[in-house]
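*Asks:* These are the residues of each chain, in order.
Protein chains: 2
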Amino acid sequence: MAKIAIMGFGTVGSGVLEVCRRNAASIARRAGEPVEVKYILDVRDFSDSPDAALFTKSLDTILADPEVKVVVETIGGTKFAYPYVRQCLESGRSVCTSNKEMVATYGAELLALAREHGVAFLFEASVGGGTPIITPMHQCLAANHISRIQGIVNGTTNFMLTKMKRENMSFEEALKIAQQLGYAETKDPGDDVDGRDACRKIAILASLACGHHVYPDNISTRGIRDITVTDVKAAEKLDSAIKLIAWYDEGTDSQMAVGVEPMLVPNSNQLAGVDDVFNAVLMQGDMLGDVVFYGKGAGKLPTASAVVADVIDALKDGVKVHDSLFWKPAPKREGLVKDPGTYAWYIRVRGVAAALLPNVAGPGHVVLEENGEAAYRIDAATVDQIEEIRGKIRVLGGEVALVLKQLAD
Amino acid sequence: MAKIAIMGFGTVGSGVLEVCRRNAASIARRAGEPVEVKYILDVRDFSDSPDAALFTKSLDTILADPEVKVVVETIGGTKFAYPYVRQCLESGRSVCTSNKEMVATYGAELLALAREHGVAFLFEASVGGGTPIITPMHQCLAANHISRIQGIVNGTTNFMLTKMKRENMSFEEALKIAQQLGYAETKDPGDDVDGRDACRKIAILASLACGHHVYPDNISTRGIRDITVTDVKAAEKLDSAIKLIAWYDEGTDSQMAVGVEPMLVPNSNQLAGVDDVFNAVLMQGDMLGDVVFYGKGAGKLPTASAVVADVIDALKDGVKVHDSLFWKPAPKREGLVKDPGTYAWYIRVRGVAAALLPNVAGPGHVVLEENGEAAYRIDAATVDQIEEIRGKIRVLGGEVALVLKQLAD
Numbered sequence: 001m002a003k004i005a006i007m008g009f010g011t012v013g014s015g016v017l018e019v020c021r022r023n024a025a026s027i028a029r030r031a032g033e034p035v036e037v038k039y040i041l042d043v044r045d046f047s048d049s050p051d052a053a054l055f056t057k058s059l060d061t062i063l064a065d066p067e068v069k070v071v072v073e074t075i076g077g078t079k080f081a082y083p084y085v086r087q088c089l090e091s092g093r094s095v096c097t098s099n100k101e102m103v104a105t106y107g108a109e110l111l112a113l114a115r116e117h118g119v120a121f122l123f124e125a126s127v128g129g130g131t132p133i134i135t136p137m138h139q140c141l142a143a144n145h146i147s148r149i150q151g152i153v154n155g156t157t158n159f160m161l162t163k164m165k166r167e168n169m170s171f172e173e174a175l176k177i178a179q180q181l182g183y184a185e186t187k188d189p190g191d192d193v194d195g196r197d198a199c200r201k202i203a204i205l206a207s208l209a210c211g212h213h214v215y216p217d218n219i220s221t222r223g224i225r226d227i228t229v230t231d232v233k234a235a236e237k238l239d240s241a242i243k244l245i246a247w248y249d250e251g252t253d254s255q256m257a258v259g260v261e262p263m264l265v266p267n268s269n270q271l272a273g274v275d276d277v278f279n280a281v282l283m284q285g286d287m288l289g290d291v292v293f294y295g296k297g298a299g300k301l302p303t304a305s306a307v308v309a310d311v312i313d314a315l316k317d318g319v320k321v322h323d324s325l326f327w328k329p330a331p332k333r334e335g336l337v338k339d340p341g342t343y344a345w346y347i348r349v350r351g352v353a354a355a356l357l358p359n360v361a362g363p364g365h366v367v368l369e370e371n372g373e374a375a376y377r378i379d380a381a382t383v384d385q386i387e388e389i390r391g392k393i394r395v396l397g398g399e400v401a402l403v404l405k406q407l408a409d
Numbered sequence: 001m002a003k004i005a006i007m008g009f010g011t012v013g014s015g016v017l018e019v020c021r022r023n024a025a026s027i028a029r030r031a032g033e034p035v036e037v038k039y040i041l042d043v044r045d046f047s048d049s050p051d052a053a054l055f056t057k058s059l060d061t062i063l064a065d066p067e068v069k070v071v072v073e074t075i076g077g078t079k080f081a082y083p084y085v086r087q088c089l090e091s092g093r094s095v096c097t098s099n100k101e102m103v104a105t106y107g108a109e110l111l112a113l114a115r116e117h118g119v120a121f122l123f124e125a126s127v128g129g130g131t132p133i134i135t136p137m138h139q140c141l142a143a144n145h146i147s148r149i150q151g152i153v154n155g156t157t158n159f160m161l162t163k164m165k166r167e168n169m170s171f172e173e174a175l176k177i178a179q180q181l182g183y184a185e186t187k188d189p190g191d192d193v194d195g196r197d198a199c200r201k202i203a204i205l206a207s208l209a210c211g212h213h214v215y216p217d218n219i220s221t222r223g224i225r226d227i228t229v230t231d232v233k234a235a236e237k238l239d240s241a242i243k244l245i246a247w248y249d250e251g252t253d254s255q256m257a258v259g260v261e262p263m264l265v266p267n268s269n270q271l272a273g274v275d276d277v278f279n280a281v282l283m284q285g286d287m288l289g290d291v292v293f294y295g296k297g298a299g300k301l302p303t304a305s306a307v308v309a310d311v312i313d314a315l316k317d318g319v320k321v322h323d324s325l326f327w328k329p330a331p332k333r334e335g336l337v338k339d340p341g342t343y344a345w346y347i348r349v350r351g352v353a354a355a356l357l358p359n360v361a362g363p364g365h366v367v368l369e370e371n372g373e374a375a376y377r378i379d380a381a382t383v384d385q386i387e388e389i390r391g392k393i394r395v396l397g398g399e400v401a402l403v404l405k406q407l408a409d
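Residue numbers (full-length UniProt numbering), protein chains in the order written: chain A, 1 to 409; chain B, 1 to 409.
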């Protein structure tokens, strides 16, 4: 009988308990022994719960019990989660977490700490919820060099963009529905709609791909607040969909580039058809070519099932599995990672006649004009050139209201 | 330095050597030590090869060298591969293989033998080529009960069906091109076009899902030879595509069903958009919901990179990883596994007036009529009912030329 503890009994934490119980038999078969939740750490009062006996408010209870081999962290955030996870690893416990913020911020440090203490630090559920992404990436693609990642990794914004496209909704209307369905936070939906959640996830995948820590603070991150019905319509005319894409490109001469931004995705690209709350991550391996992992992103049981799979791994393998799930610490750099690429672009411009745009913005074509705005597709430009175009339009008394890079096929 | 041996220096075997050399540094980092190919077993003469010194014609050379910890089997077939793999496992070597025929035929036995000798038997590359399918299935979905699998697992037939659809080609024309491109065997393309290759792959996935050996001989298997331009056209009218689907359904009361057949896939289903040589496997976990793994199926380096990833795993983990990658032996049953489901169907009928079909085949509608044939969509029927319909049409002097089940959304 393997004993584990759960820290944080919110949505995912309670899901972990449920998964462990509902699939007890098959989990036992795969782990080689039954898995039992012995403690649940939570500051809130659960004395009325049928599982009241499992609850503790003190981490020391868990640390003092030598029977506990693996600790699940589902507190979220970093304030408590980070010191608690450190203590668990230092005490010789493996830790499995769904906490992307903590992994994106302290991943290299916690991986090193786990290695030092001969235990596992696993976080499959931190990207893609229940959809397997991190494990196939570091394990099945172990013989590949991963040069590119492009993903739809935030289900909430993908749901909203799908609504906007299918039902001609505004951003505000789509957000309202996402909040009513519990997909977006009611108080502050910024983590989702401003791209911070996607940023943490691509920080984790980029770190794993390039082998050293990539900080969320260094990743240029833009959400979907500026997308309007006009943009959605223009995208359709361009046989494309607008998607919030988290991307990584190893570049040449280790000039790694990484970003989160809404992009124009041609319908011929598989990511264009990924709708609703689904996530999909495309990776390019040098031996393998493109591979895509696709599934429903979040949700209590999907995410919990990924955490439990990590628990099974941790119980079986201890530290040995982690030669491939590892990246080195790196100093935080100043400012944002630059994107040196040349792309096709979509811009929406106010206050400048559409007829002038070819002169101002270079070769391309007007996609549509309405309500005093013009949507224009630029054939090829770098990020710097787009900034120059923005300046020129300002000089003409206009304004660039939105810029979307086009994702390559 | 970890030493390995390769048995069989064909396409995949030579790819394994190439991958090991080209990505030596990252493989070493992930395996925890450099990986070197010490022997290559092949009956053919390679004395002119720059690697001539590595070649041996005798398995005993490999078995006698205690330095060799992992053996790669890429001979193919079962005649030599099976006894050689047995000997390797019995001698305490882990084996990594891409050989679906061997795994589908002797998987349970070889897994048990590996467990008995404390070594690993790994075969990620046997399904989906380089695309990770088996590892995420048994490892990341370890906390899930897998109730359904639907996959496009044969790249050759998928390429042919794509050609037939896009370019209005006949089966024969599409086969010719597939042969010219080296996707299909020139001498006997039957393994691909008659579904035997797909059958072996779904036998492996079904065995892993249900926990006991599922024999290819018990799987109802039908290929794509009977698909005509008319069918492709009718499928388009039904907003669907014809795909060769390998499927598994756990059913109720352990009435597991499994099959390989061309199916009518509605365009709303993600598998409809999987074109060319790509593979995609959809799995349904009870906790996770649907998840899809997608990538280019075959190819020398993709497949080899999956074998090498298994080698890295075997070097790291030995036998412990395999509590989840395991299924039990089972007696071969008599005849084929029955499919008790009720489906919508597409039938193409010769020699019976289309107007009669609603009476003969039950509720549905005529999709198109041409060249004395009628394509008819049946709203709902079981496999047994389809056989009854076939009989009725024969009584009327007609013939059912093709039957396609419709894949549920």
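Just so you know, these hints were derived from the structure itself, not from any lab.
Keep in mind that this is a model prediction, so the values were computed, not measured.
Treat the hints with care, since some could be wrong.
[Stated by the list, open to error] With a Cα cut of at most 20 angstroms, we get these calculated EDC-like pairs of lysine to aspartate or glutamate:
#1 A:69 with A:48
#2 B:338 with B:387
#3 A:296 with B:286
#4 B:300 with A:33
#5 A:296 with A:323
#6 B:300 with A:290
#7 B:165 with B:290
#8 B:296 with A:290
#9 A:38 with A:60
#10 B:328 with A:33
#11 A:328 with B:261
#12 A:233 with A:167
#13 A:3 with B:290
#14 A:296 with B:290
#15 B:296 with A:286
#16 B:69 with A:323
#17 A:176 with A:194
#18 B:233 with B:173
#19 A:69 with B:261
#20 B:300 with B:290
#21 B:3 with A:323
#22 A:300 with B:261
#23 A:300 with B:286
#24 A:187 with A:167
#25 B:233 with B:253
#26 B:69 with B:48
#27 B:79 with B:90
#28 A:165 with A:370
*Asks:* Hint numbers the structure violates, sorted upward?
*Replies:* Hint check: 1, 4, 5, 7, 11, 13, 19, 20, 22, 24, 25 and 26 fail, others pass.
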